[in-house]
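As given, the protein sequences belong to chains A and B, one line each in that order. Residue numbering for the first sequence follows numbering that gives the first Met the number 0, starting at 0 and increasing by one per position. Residue numbering for the second sequence follows numbering that gives the first Met the number 0, starting at 0 and increasing by one per position.
Careful, some of the hints might be misleading.
As the list claims (entries may be wrong) - In silico DSS-like pairs for lysine-lysine, Cα to Cα no more than 25 Å straight-line:
(1) A:Lys178 <-> B:Lys42
(2) B:Lys161 <-> B:Lys212
(3) A:Lys28 <-> A:Lys69
(4) B:Lys42 <-> A:Lys187
Stated by the list, open to error - Simulated restraints on C-beta separations:
(5) A:Arg65 <-> B:Asn259: 49 to 57 Å
(6) A:Arg136 <-> B:Arg256: 23 to 31 Å
(7) A:Gly144 <-> B:Glu27: 26 to 34 Å
(8) A:Ser171 <-> B:Ser155: 41 to 49 Å
Claimed, not checked - Which chain A residues face chain B? A few, computed with CB under 8 Å, are given here:
(9) Gly12
(10) Arg25
(11) Asp26
(12) Thr44
(13) Arg47
(14) Val59
(15) Phe80
(16) Thr128
(17) Ser167
(18) Ser171
For the record, the hints were derived by calculation from the structure and aren't laboratory data. Note that the Cβ used here is the ideal one computed from N, Cα and C, for glycine as well.
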Amino acid sequence: MQDVSPNEEVYGGLDDEELMQRLFYRDLKAFRTLFSRYGNLVYSTSLRVVRDSQLAEDMVQEIFLRIWRKPDSYVAQRGRFVSWLASVTRNRAVDEIRSRNRRFRYETSSPEEQQREFAAPASNDPALTAEMADQRRLIVAALSGLPAEQRQVIEMAYFGGLTQQEISDRLSQPLGTVKTRIRLGMQKLRAALTPELKWEER
Amino acid sequence: MMDCRQVMELLDAYALGATDQGEARAIEGHVADCVRCWEEFSKSQQTAALLALALPIQPVPERVGRRLMEAAAREQPKGRREPRAGLFGRVRLSWPALAAAMSLAGIAALAFATFLQVQMNDLRDDKTALAEQVQNTNTELARQLDTEKQMFAVLSAPDTLKVPLSPVSTAAPVLSASVIYNWSAQSRKGFMLCQDLPPLSGDQVYQVWFTSKGDAHSAGTFRTDDGSCQMAMDLSFLRARPEGLGISVEQAGGSARPTNDWLLYADFTGEQHTTP
């Protein structure tokens, strides 16, 4: 397995999209680098949705192997690799809980527990690039700035895999209220993340 | 059928995966043909995708990485695989006809992709190999459709600039090449069209770079069989307004930094450029 050891000297400087390009040439080092960058992210996301460490491990294996086999499933024009990877992971994990109809699908928790679902601003993944660490700080701050009831519905939808109607049933709130909370919450998140998209003026 | 207002109201819920199947299908159908909603759609998707980043990090157990790398190494084929040239590498459209052709081609591609999707569902389970082929075609079409939409978004922006790239290298084959970059600072999108680029050897690619504050940021690589290219670029990852765009020849797979001189370059900081 010597040939697959990470070689940060060569690959650390390449961005994700360039690493993905190299997968077309079956470059194991590029694959290894992608895993060392995002293995924790895929695992954390899977685990949050399925809430079963064995199942989450299997999903990490499956998701990365699929990337290795079919690197062209990522379309660079659609956006950054990490956004794509996060969506693929979330969708795959939600499919899993839906097909198993597991009991541990979102259990309603108190706002205090909700608060803990997302990271404390201090915690960080050493494998993340500086750019990603910046984005992470922004999104954590943006989420903690949301009213608890907006954060809750976003969480139930994205990580709990529930539809607006299902959320409305669980919370015993009118469907219209749930829809409004989702829209307002997402609008605020987007606005808070917009500085990231601004070009610094020279 | 949903109209733009109805779609816009559901885009955030869709991005969070919280719409039911009927709504999801209606939204997908609508944004496939509506550039304005498609732009909002992409933004919602990007925002939702960042949510995963906010989770506390759970380190993935070491055995997972070990197993994964072993499995990947076992699947390492003997020969080297060349990336397949996209449809865009093969289809060539003349510039003025392009805008007109785009919407039509988009509809045709979508109709075909939908047809293939139906076929694929029928094939699932017992004929997976065939289904995978169909899926590959679908991905290819989705890629083409995305490129077209991005080009359309650039063309319909109020601040579109059309910038020709000039040959830097004096090598004769480059002098006859024609490369034009269209971009909109407002929509943070651009696309590049080229004709008559010189052929490269098998282990080389063209790599496109944005320059900004003395640094070069890769915008991707491409190969071309007939000297033409159509490449869409999302500029939103750039921290600063780009100062120029260059093309260099790099080893297959691309480089982290340009390792050769510019073949062609456009400077954005100089004179006013024409708007189409």
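| Holds or violated: Lys42 (chain B) to Lys187 (chain A), with C-alpha atoms at most 25 Å apart | Distance ~13 Å between Lys42 (chain B) and Lys187 (chain A) Cα, so the pair holds.
| field | Per-residue hint verdict: Thr44 (chain A), partner chain B, C-beta under 8 Å | value | The hint holds - Thr44 (chain A) has a Cβ within 8 Å of chain B, the shortest such distance being about 4 Å.
| field | Minimum beta-carbon distance criterion (8 Å), Thr128 (chain A) to chain B | value | violated (12 Å)
| Per the hint of 41 to 49 Å, is the separation of the Cβ atoms of Ser171 (chain A) and Ser155 (chain B) within bounds? | For Ser155 (chain B) against Ser171 (chain A), whose Cβ atoms are near 45 Å apart, the range 41 to 49 Å holds.
| request: Go through the hint on Ser167 (chain A) and say holds or violated, using the shortest Cβ distance to chain B against 8 Å. | output: Where the cut-off is 8 Å and the nearest Cβ of chain B is about 10 Å from Ser167 (chain A), the hint is violated.
| Between Arg136 (chain A) and Arg256 (chain B), does the beta-carbon spacing fit 23 to 31 Å? | Holds, at about 27 Å.
| said: Let's test the interface hint: is any C-beta of chain B closer than 8 Å to that of Phe80 (chain A)? | reply: At 10 Å from the nearest chain B Cβ, Phe80 (chain A) fails the 8 Å test, so the hint is violated.
| Has the given pair, Lys178 (chain A) with Lys42 (chain B), been kept, meaning a C-alpha gap of at most 25 Å? | holds (18 Å)
| request: So, Ser171 (chain A) near chain B? Judge it on the closest CB pair being under 8 Å. | output: Since chain B brings no Cβ nearer than about 17 Å to Ser171 (chain A), farther than 8 Å, the hint is violated.
| field | When the least beta-carbon distance from Gly12 (chain A) to chain B is tested against 8 Å, hint result | value | Given a least distance of 4 Å, the restraint on Gly12 (chain A) holds.
| query | With 8 Å as the cut and Cβ atoms as the points, is Arg25 (chain A) at the interface with chain B? | reply | Given a least distance of 6 Å, the restraint on Arg25 (chain A) holds.
| query | Is the hinted range of 26 to 34 Å satisfied by the C-beta distance from Gly144 (chain A) to Glu27 (chain B)? | reply | Since Gly144 (chain A) and Glu27 (chain B) have Cβ atoms about 31 Å apart, the given range 26 to 34 Å holds.
Hints 5, 15, 16, 17 and 18 from the list above are not met by this structure, while the remaining hints are.
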